[in-house]
Amino acid sequence: MVVSDESLLAAMAGGDEYAASAFVRRYQSRVYGLAMTIVGVPALAEDVAQDAFVKAWRHASTYDPRRGRVVTWLLTITRNAAIDAVRYRHDTPMDPDLLVGLLTLRDEGATEDGTDDLGLREALAELPPEQAGPIVLMTYGGLTAKEIASRDDVPLGTVKTRVRRGLLQLRRRMGVRDD
Amino acid sequence: MTESESCREVRELIPELAAGVASGESRAHALAHLAGCADCRRELEEMAGTVDALLLLAPEREPPSGFDARVLAAIEHRPTGHRVRNALLIAAAAVLVASLAAAFTWWRGADDREVADQYRGVLSVADGRYFRAAALEDGVDDRGHVFGYQGRPSWLFVTVEDAPSGNYHVQLIGADGRATWIGLCRVRDGTGSWGTTIDVPIRDVARVEMTGNNLPTLLADFHG
Numbered sequence: 295m296v297v298s299d300e301s302l303l304a305a306m307a308g309g310d311e312y313a314a315s316a317f318v319r320r321y322q323s324r325v326y327g328l329a330m331t332i333v334g335v336p337a338l339a340e341d342v343a344q345d346a347f348v349k350a351w352r353h354a355s356t357y358d359p360r361r362g363r364v365v366t367w368l369l370t371i372t373r374n375a376a377i378d379a380v381r382y383r384h385d386t387p388m389d390p391d392l393l394v395g396l397l398t399l400r401d402e403g404a405t406e407d408g409t410d411d412l413g414l415r416e417a418l419a420e421l422p423p424e425q426a427g428p429i430v431l432m433t434y435g436g437l438t439a440k441e442i443a444s445r446d447d448v449p450l451g452t453v454k455t456r457v458r459r460g461l462l463q464l465r466r467r468m469g470v471r472d473d
Numbered sequence: 004m005t006e007s008e009s010c011r012e013v014r015e016l017i018p019e020l021a022a023g024v025a026s027g028e029s030r031a032h033a034l035a036h037l038a039g040c041a042d043c044r045r046e047l048e049e050m051a052g053t054v055d056a057l058l059l060l061a062p063e064r065e066p067p068s069g070f071d072a073r074v075l076a077a078i079e080h081r082p083t084g085h086r087v088r089n090a091l092l093i094a095a096a097a098v099l100v101a102s103l104a105a106a107f108t109w110w111r112g113a114d115d116r117e118v119a120d121q122y123r124g125v126l127s128v129a130d131g132r133y134f135r136a137a138a139l140e141d142g143v144d145d146r147g148h149v150f151g152y153q154g155r156p157s158w159l160f161v162t163v164e165d166a167p168s169g170n171y172h173v174q175l176i177g178a179d180g181r182a183t184w185i186g187l188c189r190v191r192d193g194t195g196s197w198g199t200t201i202d203v204p205i206r207d208v209a210r211v212e213m214t215g216n217n218l219p220t221l222l223a224d225f226h227g
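Quick mapping for you: the protein sequence lines, in order, are chains A and B. Once you know that position 33 of the first sequence is 327 in my numbering, the rest is easy, because the numbers rise by one and skip nothing. Once you know that position 92 of the second sequence is 95 in my numbering, the rest is easy, because the numbers rise by one and skip nothing.
Hints listed in this document are in silico derivations from the structure and should not be mistaken for laboratory results. Keep in mind that this is a model prediction, so the values were computed, not measured. Backbone N, C-alpha and C define an ideal beta-carbon position, used for all residues, glycine too. It cannot be assumed that every hint is accurate.
[As the list claims (entries may be wrong)] Reference excerpt, derived from the structure (chain A facing chain B, CB under 10 Å, subset only):
(1) S298
(2) D299
(3) S301
(4) P359
(5) R363
(6) V365
(7) R373
(8) T398
(9) L461
(10) L462
[Claimed, not checked] Taking beta-carbon pairs under 8 Å as the criterion, some of the chain B residues facing chain A (in silico):
(11) R14
(12) E19
(13) R44
(14) T53
(15) V54
(16) L58
(17) E65
(18) D71
(19) I78
(20) V143
(21) G177
(22) P204
[To be verified] Which stretches of chain A does chain B cover? Using the computed rule of at least three CB atoms under 8 Å from a CB of chain B, they are:
(23) 304-315
(24) 346-356
(25) 413-421
(26) 428-434
(27) 437-448
Please construct the entire structure, taking both the sequences and the accompanying hints into account.
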């Protein structure tokens, strides 16, 4: 029987070492993969991934299942830790076109847990670059619309419109699959 | 501004809210509108779901070998007090208060060094640095105590004895004179206790005031 993410997290919050170990093993490739995608340096990605798991453990008791799945909660923690690391080092975020290319490659080794969404991957690939680029800069790079406008020398209103239209398009293609 | 104009303005901010990158000012402006607009709330939920799903597209990669063991070691080396702090803070506070009370009582018959050891032991429970107590007074008599614990986190614990029953609003008055409402202490049959974590250092707490409808004002002066 597979223990649910929520049960593992609850046990981890209660100090269960076996649960913590199982939780880390279950998600380490996702967490490390996301950290690598954002920071691009293996040693730093490992630090970020470790930090993300420690933060998840510290805040496990505050996880609210009504606000999303455990995996997306954990990946949001990872993303924030990775963005902080990039900012701390004054690194520039990854080139958005390269990032879109990386995200839209079919990941043959992906976990077969139903969290991968082929429709979303295809939809992102089909978005015009002027929409996909700002979307990944915002969601993976942590840039605000203003920062993107300044970086790309595009009016702020144009960036906001492109990001919103792009996200709405992605949403339509994802279909209704929210839990 | 008509409602549709307001919606249009907020919907421009929704992607940044969903991605968690909106400035505090934008967030405050949008949240004020979202509180009363179900359509915009729905759009925010949908966009947040899309952003979550986008993060799942990052390719998975196996970390270097031994990664899981290093994470577990990092977790184990954290003081276990973290968990206590989150889940059992108030119970821990009550135990600490009881321990301190016992230490002070025992003081009469013990030498100072033993008392100091006891005090250090109490503080070590939650990374504490010092502990203060002030009498809670109604202007005439003592009605209890407020205990302030400087640690991680810092907290206040109120005990009320022999005071009129009712719900007391508890306010923290800072050294700068600013008052912050921090909670409600229920007093039943003349007694009550209540505690909370606080974000300011104990040394910056000037007073704790408790007030309520048709109830006396109870005051604990930390700088008195």
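* Any hints this thing doesn't respect? Which numbers, in order? -> 1, 2, 3, 4, 13, 20, 21 and 22
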